[in-house]
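Engineer: One letter stands for each residue in the lines below.
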Amino acid sequence: MDTKRFIARHVVDLPKSGIRDFFEIVAKMKDVISLGIGEPDFDTPWHIREAAIYALEKGKTHYTSNLGLIELRRAITKYVEKVFKISYRPEDEVIVTVGVSEALDIAFRALVNPGDKVMFHQPCYVSYHPSVTLTHGIGVPVPTYAKDNFALTAEALAAAWQPGCKLLVLNLPCNPTGGTCNRAQLEAIAKFVVEKDLLVLSDEIYSELTFEGEHVSLASLPGMRERTIFLHGFSKAFAMTGWRIGYACGPADLIEAMMKVHQYSMMCASIISQEAAIEALLRGEDGMKAMREQYHRRRDFIVRRLNEIGLKCHLPRGSFYAFPSVAVSGMSEKDFALGLLQAERVAVVPGTAFGANGAGFVRACFATSYEQLIEATDRMDRYVSGLRR
Amino acid sequence: MLMNPVLKLLIEGGSLNPAQMAQVLGLTEQEINSHLEQLKKEKIFLGWRPVLNLSKESAAAVRAVIEVKITPERGGGFNRLAERISRFDEVESCYLMSGGYDLLVFVNGESLQKVASFVSEKLSTIEGVLSTATHFMLRSYKEQGYLMDVVQEDNGRLKVVP
Ligand SMILES: Cc1ncc(COP(=O)(O)O)c(C=O)c1O
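For the protein sequence lines, the chains are A and U, in the order given. If you're matching positions, the first sequence starts at 0 in numbering that gives the first Met the number 0 and goes up one per residue. If you're matching positions, the second sequence starts at 0 in numbering that gives the first Met the number 0 and goes up one per residue.
If you are wondering where the hints come from, they were derived from the structure by calculation, not from laboratory data. Check the hints yourself; a few may be wrong.
To be verified - Here are a few chain U residues that face chain A, going by a calculated C-beta distance under 7 Å: (1) Gln19; (2) Gln22; (3) Gly25; (4) Leu26; (5) Leu45; (6) Ile125; (7) Gly127; (8) Lys158; (9) Val159.
As the list claims (entries may be wrong) - Computed, partial: chain U to chain A, Cβ under 8 Å: (10) Lys39; (11) Val150; (12) Asn154; (13) Leu157.
Predicted model, so just to flag it, every value in this text is computed and none were measured. All C-beta atoms in this analysis are idealised placements derived from N, C-alpha and C, irrespective of residue type, glycine included.
Chain A with its partners taken away, still in its complex shape (with noise of 0.2 Å):
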């Protein structure tokens, strides 16, 4: 029986992950060394793990309320006044979400049209593209260039900009280029957003992963809060990937309206983890600064090490994702990633994976210990001067 017949037509015309593909390559090698991992290798710091297994012991298996318990979103208020200098009411303009993805979803299925469009910056997180088509919207990719660091520009955003544009998702530091915006930067995309009446999505979640300069908030910028939805979780700063938990915060209209969503399909986040991330907020602190300093250290060496190589690579001031160009082998970034992990196993992402603006580039993630990154790199030394010769 013709089984797909009964699939939706949007979901047949959506294109498989480009990370899918190459993950099944990678999973069917062995002795690879992976720089495509998005996530911390460091385990969730053990005092956060001992919180959720308390929480079990004391019998915490229920549901929550539908915005998550009170007491993780007062210390959620209270993590992001502190750090980002932006004051939300616990009560009615927070949700707990299962990760940023699902904080994500619910905002644009609380928020688009069929047909709306949604701005973008590109290279960029490989789901942003398919939630915006999940919700029957047009999704409006903006490129941002190496030669800016991969900093979104106001005039980029003006060149890309059509009418019927609605909203615009910003993720900075980003996802797979490190790249984030400076002060004067927000203050020209502010300025543009409210020149075009938009509605602002800030994925946030590799902020505390900046290494230096601050991270600035674009909610923060003055008539920003009531444009913007702050999007923030666990995975990446407090190495809690698997634990699936994250935030939205914003006018309290919007937050009503992706709670409808979210009652309905998710009902609530699961409650050990919301019981771990109050750990995190109140006690992890410290740890979470240990492991960026680690960060930091890692990304120094292999920005130096890939440009000495040869694959020019800009400092990402943030994240833990270096972007570095394959210009010097000839290749695309399919091929240069291909022929690396076939002659010397090592995996990188292709550009390509996060949008079509990607070309040309690779992405490798330096969240692994520093032996595997030495080896890693003299692998790909050894693979780019065999190509040179």
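Here the structure of chain A is known, so what remains is to put chain U with the ligand in place on it, guided by the hints.
Structural biologist: Okay, now just chain U with the ligand, sitting in the frame of chain A:
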């Protein structure tokens, strides 16, 4: 104060050798070695030692923790006696403590007898040592940051994720 970068790498628990440290920090191996020398001169970096799980060895060593009360001396306090005790090869570590006793002494020996005789013949006979309480260690669960006998299971981390 800016921390010596080599010291930071050492603290991170790196099992990195000087050549690898040089790579990570973008210095030459000579520069790493001179950093290490400097740290040694300042008595911050005292030396390399392996962390071993000796219960895995057939010739398992016996370890004891000894609480020692001593008389402080005018001028020197506890230092002279503590140093004197520390000099014994059997003594692995020695700390001055607050609370019910003065020194906490970690002792290593080939057998129960050897440790016992060290305590009765050497330690407790020193002028100024008032009393000792010896506790033999039965089992080690964590040694200087390393968990013992915990099988590091594959945590199932995927090879490529977005
Ligand atoms: C930019 C970005 N947003 C969101 C996510 C998903 O995060 P979460 O684990 O909170 O769902 C990721 C994960 O890779 C990401 O890189």
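Engineer: All hints are to be evaluated individually against the structure, with a verdict given for each.
Structural biologist: A quick look at each hint next to the structure:
1. The beta carbon of Gln19/U is positioned within 7 Å of a beta carbon in chain A (closest approach about 6 Å), and the interface hint is therefore held.
2. A cut of 7 Å between beta carbons decides the hint on Gln22/U: the least distance to chain A is about 5 Å, and the hint holds.
3. Given hint, Gly25/U at the interface with chain A, holds; its Cβ is 5 Å from that chain's nearest Cβ, closer than 7 Å.
4. This hint is violated: Leu26/U has a C-beta 11 Å from the nearest C-beta of chain A, more than the 7 Å allowed.
5. Residue-level restraint check for Leu45/U is violated (minimum Cβ-Cβ distance to chain A is 23 Å; threshold 7 Å).
6. The interface hint given for Ile125/U is violated, since its Cβ lies 41 Å from the closest Cβ of chain A, which is over the 7 Å cut-off.
7. For Gly127/U, the shortest C-beta to C-beta distance to chain A is roughly 41 Å, which exceeds 7 Å, and the interface hint is violated.
8. With 7 Å as the threshold, the beta carbon of Lys158/U comes within range of chain A, its nearest partner Cβ sitting at about 5 Å, so the hint holds.
9. Hint status for Val159/U: holds, given a least beta-carbon distance of 4 Å to chain A, under 7 Å.
10. Interface hint status for Lys39/U: violated, as the beta-carbon distance to the closest one in chain A is roughly 22 Å, over 8 Å.
11. Taken as an interface hint, Val150/U does not check out: its beta carbon lies about 15 Å from the nearest beta carbon of chain A, beyond 8 Å.
12. The interface hint given for Asn154/U is met, as the beta carbon of that residue sits about 7 Å from the closest beta carbon of chain A, less than 8 Å.
13. Using the Cβ-Cβ criterion of 8 Å, the hint placing Leu157/U at the interface with chain A is satisfied: the shortest such distance is roughly 7 Å.
Checked against the numbered hints above, the structure violates hints 4, 5, 6, 7, 10 and 11; every other hint is satisfied.
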